[in-house]
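Novice: These protein sequence lines are chains A and B, in that order.
Residue 1 is where the first sequence starts when you use the numbering used here, and the numbers rise one by one after that.
Residue 1 is where the second sequence starts when you use the numbering used here, and the numbers rise one by one after that.
Treat the hints as calculated values from the structure; they're not laboratory data.
Hints are not guaranteed to be accurate.
You can't tell identical chains apart in this list, so a pair holds if it fits in one copy or across any two.
Stated by the list, open to error - Think about it this way: if two alpha-carbon atoms lie no more than 30 angstroms apart in a straight line, the pair counts; the simulated DSBU-like pairs of lysine-lysine are:
| no. | residue 1 | residue 2 |
| --- | --- | --- |
| 1 | Lys211 | Lys37 |
| 2 | Lys173 | Lys457 |
| 3 | Lys191 | Lys37 |
| 4 | Lys102 | Lys68 |
| 5 | Lys287 | Lys369 |
| 6 | Lys191 | Lys211 |
| 7 | Lys191 | Lys41 |
| 8 | Lys457 | Lys191 |
| 9 | Lys457 | Lys323 |
| 10 | Lys68 | Lys129 |
| 11 | Lys323 | Lys130 |
| 12 | Lys102 | Lys173 |
| 13 | Lys323 | Lys191 |
| 14 | Lys41 | Lys102 |
| 15 | Lys211 | Lys173 |
| 16 | Lys191 | Lys129 |
There are 2 protein chains.
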Amino acid sequence: MKKAEKAKRELIGNEGMVLLDMVRRLNRRSATGHLLKLVDKTHPADTAWVFRHLNEEERSQIFGIIAKTESVGEFLSELDEAILVEIVQELSPQYLAEIITKMASDDAADVLEALPEELANDIRRHMEKKDREEVDELLQYHPESAGGLMSPDFMSLEQNLTVGEAISIIQRKSEEMEMVFYLYINHEDGKLAGVVSLRELLMNAPERELKNVMNPNVISVSTDTDRGEVAHVVSQYNILAVPVVDSGYNLVGIVTVDDIIDVIREEATEEFLQMAGAGKDREILLKSTFESAALRAPWLFASWVGGVMAIVIITSFEEELSKVLALAAFIPIIMGMGGNIATQSSTIIVRGIATGRVNMNEIARVVFKEMRVGLLLGVIYGLFLGVVSYFFYNDPKMLGIVVGLSIFGSMVMAATLGAIIPLVLKRFDFDAAIATGPFVTTSIDILGVMFYFYIAKIILSL
Amino acid sequence: MKKAEKAKRELIGNEGMVLLDMVRRLNRRSATGHLLKLVDKTHPADTAWVFRHLNEEERSQIFGIIAKTESVGEFLSELDEAILVEIVQELSPQYLAEIITKMASDDAADVLEALPEELANDIRRHMEKKDREEVDELLQYHPESAGGLMSPDFMSLEQNLTVGEAISIIQRKSEEMEMVFYLYINHEDGKLAGVVSLRELLMNAPERELKNVMNPNVISVSTDTDRGEVAHVVSQYNILAVPVVDSGYNLVGIVTVDDIIDVIREEATEEFLQMAGAGKDREILLKSTFESAALRAPWLFASWVGGVMAIVIITSFEEELSKVLALAAFIPIIMGMGGNIATQSSTIIVRGIATGRVNMNEIARVVFKEMRVGLLLGVIYGLFLGVVSYFFYNDPKMLGIVVGLSIFGSMVMAATLGAIIPLVLKRFDFDAAIATGPFVTTSIDILGVMFYFYIAKIILSL
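Excised from the complex, chain A in its bound form (with noise of 0.2 angstroms):
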């Protein structure tokens, strides 16, 4: 079953790389006429991943030719940022500015607030005084809350107009509009009263008043709103988009599920990233060696000191390991038993925290609920251990007891932590997800490499 499905994914992946190659070869014929037939006929959306996968000369051609197109802006709005960075460098802003003006402006705000900052006032200074104060107005927003999100272009009515009315006005003004399907309605002093989706509006009789068939709970984000929580307003809700209001319950503008889309697969990308210590860039892929490497190093540091601290510790130990030269050989099982439940844990409630499973005022059994299952484990594995290795190391006699109990020692200590550390984390406002990074993990295994000594020292009295 597995199998079939996986093969139709390969295959709708094929389609894209079938289009980048008639793309590569079109280029090296220079066919620019077929080319240019070819990005018309293709969604902004997939010419911006061929893009993604030609090489830099290759750029600079296609993009000669994609600029000719009128989707040239709905393709630049596609574009990863650090492509969008490099293709730009060789326009002038006069014609960026002629570009940008085209674009939604919620996608141009975006566009300008990719690059850096001096072109883009460049950009800014060509653009008309109309166009720039609306992408302005959006600038002022922290682009990770509902305000650097959201889009102007919205339809709202006063509450008094009648059905017919609204009707008649979508019909003539809704061109310029992003995605009509909810109909907001206001108060005479302009503060949000109710929606109503396009649908329903059709189903009622044209002299109703607009007060009387909308729905008055209107959910609603302010332009503050961290940008995690208006996705989560919006899936939890099942709408398509959700107005966003200033301080005085003003609508300034709606945000899509299209959009929201974006911020869920972004997020979940940057939580990934994180919890595997490579940083938060979603664009990792896209930077140079040296680059990412930038990205990488300082956690791969915190593991480098976590290493040197372990070193101290067993060389504390030298006289005891000079004696049971056996103890040395448990240090990788010791390790990897602590820092693989650890994981596991610590993934488990960093998820949950994000997906509003994980419930703060229920730490403690959460908490316990984890030290259970590492008491589970280690005594399993422990068990396990112990028994294995006193049957083939039985000299010294207890070196068995030892390890099985240093295992099961170092899995409740571990699978705990990694419960409470991104709980603790999240308290304090961090972001729970550094909890199942290198630091963590590697501050686990020091303990647990401790434990194991000092339990080896007691009793096998050394």
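On the provided structure of chain A, position chain B as indicated by the hints.
Specialist: Then chain B, alone, in the frame of chain A:
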């Protein structure tokens, strides 16, 4: 800046807690009337959130109240599977059939799919023939395919109708449809011909024929398309719903964007868990200690076996170790640096595959980049450690060189393997996410330790 946003998010979390407390308090006082009112005005998705945090006894009491409201069907469809299965144990199949019949048929099919087969069949027997057939139709598809996701409640009309006729049909019929914002157009023989949005429909003269106003380039998926691919299509093209066609290109359902958001979140959660070697059960937090331990045990077993192999390897170097006891102290840092850089590389690649950023035809480029990063970071941290140990552990004199070289070698090897393994898994249609689990990191640990002792043996001429 970050601080303010976080505080905001916390506040909304608090609203959930306030609701939870209120429900608990009213329940303790057996204030049924108040509870009923409260549930009635709460969104079913929020009620489901509260429900997740109640204990078993409270759940059974509160469900008695929820069952009296109109939204009980929607509430059930928002529940986690584990809780759904728990709550239905107490209900009669007749009663469940009654609720399920009132639900949207795709939600009804999802609920039936989640229940134990025997109970699901009991419920099906109590449903009216027409309802049962509709649900059975959906149940025939794999739950992870477009067929398993789709809703059969869509609006499609023949292309020869006029805009005016279409609008009046929508006004009469759309009540029972899910999220009508696209109208699908079919040929006389029933095959999918095009799509038009409700807004575009309104903007055309009533006498125009649908075939002249529709967009004939309609993006569709087939019933057996994998749900991940459906999510990809919806997010790539920023659409609100995608039509699902059968093998004859007849429209049989639509997948709406709200379901896509769930798919994206669920797939990310599964990927997280798999990467941590914690199974792939999204509801692991709701499982008992035993169930959770059982899901995690196999992965830890891989790590345990790896640890035992490390014991064997280190023991085989006992003689060398007895001559240079200090070698033991460096085992943790060599394992740690290798393990951490491998996790970084494989996470970056795994996420790149999931988001379509890693192109399977560019494997060599991607792997060499990771190898270069490994070389660069290996030189840096190897040099660091070599110098530090030269000054503090200069007996034997070459120990610094041994550990420096070992860190370097194990990091290059780990970064390279960390990149190669997910790509190989993907190539052979396995889940790339397994690559970051304990199995692979443990193998890398073992290789690192082996490499270290060999280098020591050679350089120190032990």
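Novice: Each of the hints needs a verdict: does it hold here or not?
Specialist: Hints and how they fare:
no.: 1; hint: Lys211 with Lys37; in the structure: between (49 angstroms within a copy, 24 angstroms between copies)
no.: 2; hint: Lys173 with Lys457; in the structure: neither (82 angstroms within a copy, 80 angstroms between copies)
no.: 3; hint: Lys191 with Lys37; in the structure: between (47 angstroms within a copy, 28 angstroms between copies)
no.: 4; hint: Lys102 with Lys68; in the structure: within (14 angstroms within a copy, 53 angstroms between copies)
no.: 5; hint: Lys287 with Lys369; in the structure: between (41 angstroms within a copy, 10 angstroms between copies)
no.: 6; hint: Lys191 with Lys211; in the structure: within (13 angstroms within a copy, 41 angstroms between copies)
no.: 7; hint: Lys191 with Lys41; in the structure: between (43 angstroms within a copy, 23 angstroms between copies)
no.: 8; hint: Lys457 with Lys191; in the structure: neither (73 angstroms within a copy, 78 angstroms between copies)
no.: 9; hint: Lys457 with Lys323; in the structure: both (11 angstroms within a copy, 21 angstroms between copies)
no.: 10; hint: Lys68 with Lys129; in the structure: within (25 angstroms within a copy, 58 angstroms between copies)
no.: 11; hint: Lys323 with Lys130; in the structure: neither (82 angstroms within a copy, 80 angstroms between copies)
no.: 12; hint: Lys102 with Lys173; in the structure: within (17 angstroms within a copy, 38 angstroms between copies)
no.: 13; hint: Lys323 with Lys191; in the structure: neither (80 angstroms within a copy, 81 angstroms between copies)
no.: 14; hint: Lys41 with Lys102; in the structure: within (19 angstroms within a copy, 44 angstroms between copies)
no.: 15; hint: Lys211 with Lys173; in the structure: both (21 angstroms within a copy, 23 angstroms between copies)
no.: 16; hint: Lys191 with Lys129; in the structure: within (27 angstroms within a copy, 49 angstroms between copies)
In summary, the numbered hints that this structure violates are 2, 8, 11 and 13.
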